[in-house]
Amino acid sequence: MKPVVHRFIVLAVALAAPVAAHAGPLEDAVEGLAASSDDKIEEAVTKLAALDDPRAISVLDALCDDRLRVGSDGHPYIWDSKIREVRRPLTNEIVSPAPRPLKEVEVSNDIRRVAFPVLAQLQLGSPNADVRLAAATELSKAGSAEAPVLLHKAMSREKDPKVLEALKLAGARVDLQSADPQARIAAIAVIGDSGNDEFLSALQQMVGNKDDGTPREPNPQVRAAAQKALNAVVEHQRMISFVGDLLHGLSLASVLLFAALGLAVTFGLLGVINMAHGEMLMLGAYATYAVQTAMHGSSAYLFVAVPVAFLSTGLIGVLLERLVIRHLYGRPLETLLATWGISLGLIQTVRLIFGAQNVTVANPDWLAGGVEIAHGLVLPWARTAVVAFVVLVSAAVWFILQRTRFGLQVRAVTQNRAMAACLGIPTRRIDALVFGLGSAIAGLGGVALSQLGNVGPELGQSYIIDSFMVVVLGGVGKLAGAVAAALGLGIVNKLLEPLAGAVTGKIVVLAFIILFIQRRPQGLFALKGRVEA
Amino acid sequence: MRTKTVALLLGGVLAASCSTPPPAPAPGAAAAAPAAPAAPADDKGPIKVGILHSLSGTMAISETSLKDVALMTIEEINDAGGVLGRKLEPVVVDPASNWPLFAEKARDLIQNQKVAVTFGCWTSVSRKSVLPVFEELNGLLFYPVQYEGEESSWNVFYTGAAPNQQAIPAVEYLMSKKGGGAKRWVLLGTDYVYPRTTNKILRYFLHSKGVADDDIMEKYTPFGHSDYQTIVAEVKKFSAGKRTAVVSTINGDSNVPFYKELGNQGIKATDIPVVAFSVGEEELRGIDTKPLVGQLAAWNYFESIDNPVNKAFIDKWMAYVKKNNLPGGDKRVTNDPMEATYIGIHMWAQAVEQAHSTNVDAVRQAVGYQHFPGPDGFDITMDAENHHLHKPVYIGEVKGDGQFHIVWKTDGPIKAQAWSPYIPDDKGKIANWLYPWACGNCTAPKFGGAGTVAAK
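Protein sequence lines, in the order shown, are assigned to chains G and Y.
In terms of this note's numbering, the first sequence opens at residue 1 and continues consecutively.
In terms of this note's numbering, the second sequence opens at residue 1 and continues consecutively.
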């Protein structure tokens with residue numbers, strides 16, 4: 001008997017060797033990823049799922065991430081963008097020279113939908129808790145056929161409480177269909193505790209009736225548990241959406257404040273109706289773009305962009321004041337027209353230099369994505385950073401105006417220009433510097449806005465009305481007024497939006513402001529004894 | 001001061017002409033210049049062609065490249081000898097994204113500039129604004145952008161898609177197993193005529209497929225809306241429990257904050273696919289596409305379509321960009337409305353050749369049945385009945401490089417439906433400009449003939 005087995009092995013090796021040095025089911029399945037049709041690729045992915053071998057993680061990851069290539073020899077390779085070379089899947093060795101031309105394996109959502117759960121299933125064994133958490137969350141959304149067994153296996157060895165919770169939830173999805181009423185009740189309890197709204201419709205179905213009037217869930221105990229869990233989920237979601245609205249309002253407030261802060265300085269302190277204020281925001285955003293391009297997208301570009309935007313828009317502000325606005329003090333209508341003309345000129349200049357199209361300002365890696373503070377409530381990093389940044393800038397502006405000698409002079413000029421001049425304050429120079437400061441703050445606003453929305457020549461136009469609204473509502477000349485007005489407008493807007501829709505919400509807010517200004521023309525915070533400039 | 005300068009200049013010119021004994025050359029040249037605009041009247045001068053696209057204002061982002069591609073096409077036709085042996089002379093005007101100004105500029109083009117044809121408009125509201133002008137003055141407009149349908153005019157040729165050539169196939173795709181089998185629908189748009197009408201059609205269509213009103217969420221935002229936090233959170237909530245797809249008719253600028261918010265809130269295309277009807281290669285140039293990978297768009301043309309005609313089209317465009325040093329340089333792309341503009345201009349030129357005239361009535365008769373090898377890979381025909389192109393439909397998924405991976409396409413070009421069969425009010429409405437119908441909106445033939453309609 002023994003010699004026969006030996007002979008077979010020898011024969012098998014001899015047969016296999018010329019075909020491929022490394023034939024095995026895993027290698028075969030990986031080779032299948034290089035197929036030309038979507039169905040074949042899906043088949044290969046399903047095979048990888050059945051093999052349950054974590055060595056396939058890197059190649060599946062490459063597939064989902066558009067990094068898988070097919071070489072001229074028909075084999076799959078993983079593209080490594082760092083070294084601009086390809087690696088052989090599984091062994092990870094660099095293949096040089098690459099078998100060019102390399103063809104990208106184009107994956108559609110169809111394939112990704114199959115591949116994501118498989119990838120998650122393989123990653124359940126990862127030593128990294130974050131990876132396991134993401135994998136468990138993915139599996140709770142859509143499980144593969146092998147999921148139940150794998151989930152229970154993973155649960156038994158899981159130590160991290162967060163991952164365990166996510167795994168339990170993934171298991172609950174499976175157990176909800178279980179024939180055992182106790183298992184169903186346990187699954188419902190897990191869902192009720194999580195407050196996860198993914199299961200809302202499943203729970204609703206369980207408490208509902210069939211078409212003939214009989215309950216869909218035969219066991220009354222299970223039904224009661226489902227009703228309880230349903231109430232818990234709905235309650236949890238109500239709370240989440242309220243907190244969410246508040247947070248969204250805070251974020252909108254930070255944007256409004258950034259748009260208005262510079263204006264609060266130029267309009268508030270100098271009384272200049274600066275229609276070109278929005279363009280300072282726009283120039284700040286373009287400065288960010290220019291820095292990003294110059295630094296080839298290095299993720300530290302934002303730190304350079306902040307001083308560059310501050311200085312460049314500040315300089316433009318000072319020039320603007322020296323060349324145009326200085327000659328128009330005390331003539332608000334002419335200032336309005338002149339600055340509007342400047343605004344059009346700046347827009348067209350930017351359009352000629354950078355083109356009419358929007359330019360791409362990508363969020364740096366550390367600002368992309370967000371943190372999930374509760375299920376269904378994601379706090380995006382970019383927005384959080386903008387809130388923090390606006391707090392910082394407001395504090396700095398407050399400090400400059402209230403605690404420095406320059407600030408004292410500015411306030412003196414604002415309150416009584418003639419007297420300030422008599423006391424030897426160079427009012428003309430102060431005017432120029434204040435205007436420069438206002439513009440520079442707007443430039444910083446541009447840096448922040450570039451992280452949230454469009455960067456195009458028209459950027460400023462969409463914020464100019466909002467910024468005037470904030471300044472007028474807050475009370476001209478008061479920083480605290482601008483902060484309060486921005487906060488109020490942001491939160492009211494966001495609480496109204498889910499109720500009334502974005503369009504109606506905006507109209508209601510506008511109507512409210514008009515009524516408010518009718519009642520209290522000086523705004524929320526009035527400057528006492530201010531002499532018109 | 002100014003009068004003095006003019007006087008001095010005049011004096012100089014007079015002195016110059018006096019000092020030259022033979023008939024003064026300068027006044028002669030000056031006299032010839034005003035005569036030039038009259039030249040198109042005779043059959044030797046250039047044919048004037050109007051280009052009516054916003055080069056400033058909110059729509060400049062989209063329309064500028066249509067102006068560029070129109071100029072490229074005209075140059076291409078001129079290099080090949082022009083039309084009827086005459087050169088085409090583009091007259092570019094800027095309606096500045098201002099809808100009433102569109103009508104004024106259109107009137108100026110037809111009445112004062114005497115253009116033979118106009119290529120222009122992007123938003124439906126701009127088209128609705130110029131429509132009465134073209135009908136009153138019997139002008140000819142080629143409109144190159146996908147739109148909401150529910151219209152057919154004797155004076156307009158629509159080279160963009162009608163809803164059944166874009167919106168409906170896209171929704172059908174998302175319903176299919178391959179597209180994810182969506183059961184719930186979010187119809188999200190900017191608040192104006194195109195999204196509202198398209199969503200109305202889609203709602204009726206979804207009803208016909210057995211989707212209940214509870215499973216449809218319709219949301220509108222103002223033009224230039226930039227804060228999508230609440231809406232994305234609502235979409236996420238709405239999607240809980242059932243496969244959900246978003247149909248986006250968000251226009252222009254608002255797309256960037258919308259997609260950024262989707263990415264930030266961690267919504268992937270495999271969870272909630274978003275199909276957009278106004279996002280193409282050109283719009284993606286202004287977006288960081290990484291968080292968008294897998295999101296969908298439905299068009300009749302993608303730059304990534306692989307065929308020799310498209311390759312030649314792209315090469316021509318890139319060469320034109322380089323030669324004229326257009327902003328954006330080698331990052332410029334082609335997109336669906338650009339292709340539609342290109343086809344439209346060529347079809348008009350072919351029709352003029354065939355009609356042996358630039359007369360609007362003659363050319364109009366000749367435009368129907370024209371066909372042209374489109375960069376979309378098919379021989380594209382103009383429908384003589386409803387003035388719309390027969391177009392293929394492609395559905396693409398966004399790739400990391402800002403191009404589209406085509407995941408679905410029709411077998412061939414499909415005929416446009418100017419009036420949607422899904423809207424009950426449209427029942428029996430016909431757009432047919434051939435005898436005996438001769439109308440864009442009727443349920444019975446009008447034997448009066450097209451002339452009376454045009455002259456109304």
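The hints are simulated quantities; they were obtained by calculation from the structure and are not laboratory data.
Note that CB positions come from ideal geometry on N, CA and C, so glycine has one too.
Watch out, some of these pointers could steer you wrong.
Stated by the list, open to error - Going by beta-carbon spacing under 7 Å, a handful of chain Y positions derived as facing chain G:
| hint | residue |
| --- | --- |
| 1 | P46 |
| 2 | Y220 |
| 3 | Q265 |
| 4 | G266 |
A quick look at each hint next to the structure:
no. : hint : verdict
1   : P46  : violated (28 Å)
2   : Y220 : holds (6 Å)
3   : Q265 : holds (5 Å)
4   : G266 : holds (6 Å)
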